[in-house]
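**Q** Letter by letter, the chains look like this.
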Amino acid sequence: MKNSKLMNSFKEAISDINDGATLIVGGFGLCGIPEKTIQALKEKGTKNLTVVSNNCGVDDWGLGLLLANKQIKKMISSYVGENKIFEQQFLSGELEVELTPQGTLAERIRAGGAGIPGFYTATGVGTPIAEGKEVKEFDGKTYLLERGIVGDFALVKAWKADTLGNLVYHKTARNFNPLAAMAGRITIAEVEEIVEAGELQPDEIHTPGIYVQRILLGTDYQKRIEKRTVVHA
Amino acid sequence: MKNSKLMNSFKEAISDINDGATLIVGGFGLCGIPEKTIQALKEKGTKNLTVVSNNCGVDDWGLGLLLANKQIKKMISSYVGENKIFEQQFLSGELEVELTPQGTLAERIRAGGAGIPGFYTATGVGTPIAEGKEVKEFDGKTYLLERGIVGDFALVKAWKADTLGNLVYHKTARNFNPLAAMAGRITIAEVEEIVEAGELQPDEIHTPGIYVQRILLGTDYQKRIEKRTVVHA
Amino acid sequence: MLNLPKGAVNMKDTRLTIVKRAAQEIKDGMYVNLGIGMPTLVANEIPADINVLLQSENGLLGIGPYPIAGQEDPDLINAGKETITTVPGASFFDSAESFAMIRGGHIDISILGGMEVSENGDLANWMIPGKMVKGMGGAMDLVHGSKRVIVIMEHVNKQGKSKVKKVCSLPLTGQRVVDRLITDLAVFDFTPEGMILIETQEGVSLEEVKAKTDASFMISPSLILVEQVK
Amino acid sequence: MLNLPKGAVNMKDTRLTIVKRAAQEIKDGMYVNLGIGMPTLVANEIPADINVLLQSENGLLGIGPYPIAGQEDPDLINAGKETITTVPGASFFDSAESFAMIRGGHIDISILGGMEVSENGDLANWMIPGKMVKGMGGAMDLVHGSKRVIVIMEHVNKQGKSKVKKVCSLPLTGQRVVDRLITDLAVFDFTPEGMILIETQEGVSLEEVKAKTDASFMISPSLILVEQVK
Chain A
1 MKNSKLMNSF KEAISDINDG ATLIVGGFGL CGIPEKTIQA LKEKGTKNLT
51 VVSNNCGVDD WGLGLLLANK QIKKMISSYV GENKIFEQQF LSGELEVELT
101 PQGTLAERIR AGGAGIPGFY TATGVGTPIA EGKEVKEFDG KTYLLERGIV
151 GDFALVKAWK ADTLGNLVYH KTARNFNPLA AMAGRITIAE VEEIVEAGEL
201 QPDEIHTPGI YVQRILLGTD YQKRIEKRTV VHA
Chain B
1 MKNSKLMNSF KEAISDINDG ATLIVGGFGL CGIPEKTIQA LKEKGTKNLT
51 VVSNNCGVDD WGLGLLLANK QIKKMISSYV GENKIFEQQF LSGELEVELT
101 PQGTLAERIR AGGAGIPGFY TATGVGTPIA EGKEVKEFDG KTYLLERGIV
151 GDFALVKAWK ADTLGNLVYH KTARNFNPLA AMAGRITIAE VEEIVEAGEL
201 QPDEIHTPGI YVQRILLGTD YQKRIEKRTV VHA
Chain C
1 MLNLPKGAVN MKDTRLTIVK RAAQEIKDGM YVNLGIGMPT LVANEIPADI
51 NVLLQSENGL LGIGPYPIAG QEDPDLINAG KETITTVPGA SFFDSAESFA
101 MIRGGHIDIS ILGGMEVSEN GDLANWMIPG KMVKGMGGAM DLVHGSKRVI
151 VIMEHVNKQG KSKVKKVCSL PLTGQRVVDR LITDLAVFDF TPEGMILIET
201 QEGVSLEEVK AKTDASFMIS PSLILVEQVK
Chain D
1 MLNLPKGAVN MKDTRLTIVK RAAQEIKDGM YVNLGIGMPT LVANEIPADI
51 NVLLQSENGL LGIGPYPIAG QEDPDLINAG KETITTVPGA SFFDSAESFA
101 MIRGGHIDIS ILGGMEVSEN GDLANWMIPG KMVKGMGGAM DLVHGSKRVI
151 VIMEHVNKQG KSKVKKVCSL PLTGQRVVDR LITDLAVFDF TPEGMILIET
201 QEGVSLEEVK AKTDASFMIS PSLILVEQVK
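Chains as they are written, first to last, in our numbering: chain A, 1 to 233; chain B, 1 to 233; chain C, 1 to 230; chain D, 1 to 230.
Keep in mind the hints are simulated off the structure, nothing from the lab. Fair warning: there could be bad hints in the mix.
Below are the DSSO-like pairs computed for lysine-lysine, each with C-alpha atoms no more than 27 Å apart in a straight line [said to hold, decoys possible]:
hint	chain 1	residue 1	chain 2	residue 2
1	A	Lys223	A	Lys11
2	B	Lys73	A	Lys136
3	A	Lys136	C	Lys147
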């Protein structure tokens, strides 16, 4: 078993992502996105994708590359404001969008991974996102029923993996990645370093390898920064 | 703020746990139980407690001490088979018991901590624990509605804390503790070592300090073993 | 506290008035979430003797100042996608854990921007019909989960129309969720009994507040006292 | 694999037959949960050339052998509360994460003990009315979440009565959840078409299986072939 999760190339790792697939993609803004896997998917040209991801990249990076290439049919996201191509495709009707509050989106993905088909949250009650959703009262307060999400594939970015697929993330690049890993029927993890099983501390593993089917070593990460805010010493 | 969570004594830490309180208590069997806090609670003698905990200790240790002292009115647990006093009190009607599948119990506690009043699970469908519970179909399959649990207090045991209440656990002593910490209105954490804020790696913290209101240093941990299974080298 | 880069602090006086007043809501020991934009600036006005931990909904408790130029880390950003640092005792976690904290009532106070607030405490701050929808991000979760929700905004829009309404005209972010509204003119609380004016900002008359507010509100008996303290 | 302490392996031949057959269900690369009691013993019969990771629902993936005497760690136990060790690549997690794994369908195979199994795949293994209820532990979650549920038990009880029933008489652990039943006499699969006998254990005749089984079952066309292989 030990090395069977290690893929030889990004091309190989995504070879069975076919037209119409549902993908859950980690990252927040451009932080912690699986940039190599997204690029490989752009090269493959898979169409009609449903993509579940908090954001949709920017015009020329991250999921924005798939948008520009017209590979995405539908986005399930909480915030898509950084992307002009998104706006064009949405207004023209090419792109379907399901806006979901960020916390609800995170919980829906975790629920999908955890075998929970639905849960209740107060988030969104009395707002446009409540339209068409079942409501229920608990202890006199109204809640919306939200559904778990499972993806055909999950694309995640971690800092390190071991050969069994155990993952650790770095700082706020963790974000949606551990949840995506749980909710993909096949989870593809790209990482900056791969170590032997046993080199990661068992108490410090963020994503147990059971959730990860394919591991890839990425190199030359761009890790673009959206808003560089600094002080001058 | 820095040191305001540090308590001087276990007695002080539990002084406001009054008769009738609902407690969520970490641990699995006798592993990772808040043994010092339980002992202090025995000395205080608080009665009519509702205790949410996977197990109920053994006759002379852990939550079994509170049972023997007739302090517990109701247990919400998944497995209580190691405790004769439990059996006596249950059969005599002194003790009320709500048996909950272990995974459902874990998720109910997490849900309580996460502001989710209810969720659906297939666990228990068609069994006695489904009685009186709402059911709902999702994609042709039947699920039970289970409720989140919130406690007046959570009693947890961690390995290390920093002065801000960030916690790390050790091996399988983690179990229900991080969930309990989330679901207590007031969470009391006893630990084996307290370090300064900044000494725990931010990527390796299991329970962020926001969930922890009181921290105590315990000493001379007994950590009783229920089933010592060994090989002879 | 956040050591804002030069330029960012050149905000209009009205905004500075709002931000300074909002900072007074933050007490020692609180866990605080500051929204993107004007609320982020509140961090700079928190007195130095107050220790708080700032939560960032992308997975961090313990936001620190902006990094020194050259030390920015692309793996360390806030919810506004700005490069930041952490304070000692900070922790990282995933987005589900982050919103468990928020939804579960563990955040003491959230300060959010607003487009409109109604007299029953409804908030609209995420979309304008006819304009491109960018999304609500974490705002809808924050307004339901935080123990206390403070909205900060300018009292009137660019056309001089009141943003403090009888009923919101924009789609809601949350219904009956605002605890306190701080504008450049006044501070209001929302209670089961209704909306109450509790303070006017320095130099602002009660008449001006009344004239520029569409919402019906009561006046706190201690209102004048608040003005005298100033 | 678990290096059982001396004594523990002195099980009855019937139990050993069951455990050895159950071990054949485990394939290279699987994530496996073994129930308390007889299922735990299956670990010892997994061939050395097969790499699997054993999950313990109290929060561990990667159970290792029992510790050498004197090296036991009270913070490291399995779901049966026995002291254990870990294998390289093991990970610890909390109980909610553990059951997210289980409920979410990430465990390839669960092997559980049974008191009764019915012909439609119902399992009863947690309570006997009139006797003290100990609780279901994680069994109800495991039978719904695992990709494949294998029940192992002796075919008849101490009174010689069949535990393979038309309908379970005991309260259920799960309804239509068993994929395969392995007893000391036979192996059955549960399919939408019904219960199918696929193997008899060595030295067991079809007549004996029929005589000791209350449930109605079909016989697999490949049944005899399986016997010949033996």
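**Q** Now tell me if each hint is right for this structure.
**A** Now for the hints, and whether the structure bears them out:
1. Lys223(A) - Lys11(A): 21 Å, holds
2. Lys73(B) - Lys136(A): 30 Å, violated
3. Lys136(A) - Lys147(C): 22 Å, holds
When each numbered hint is compared with the structure, a violation occurs for hint 2 only.
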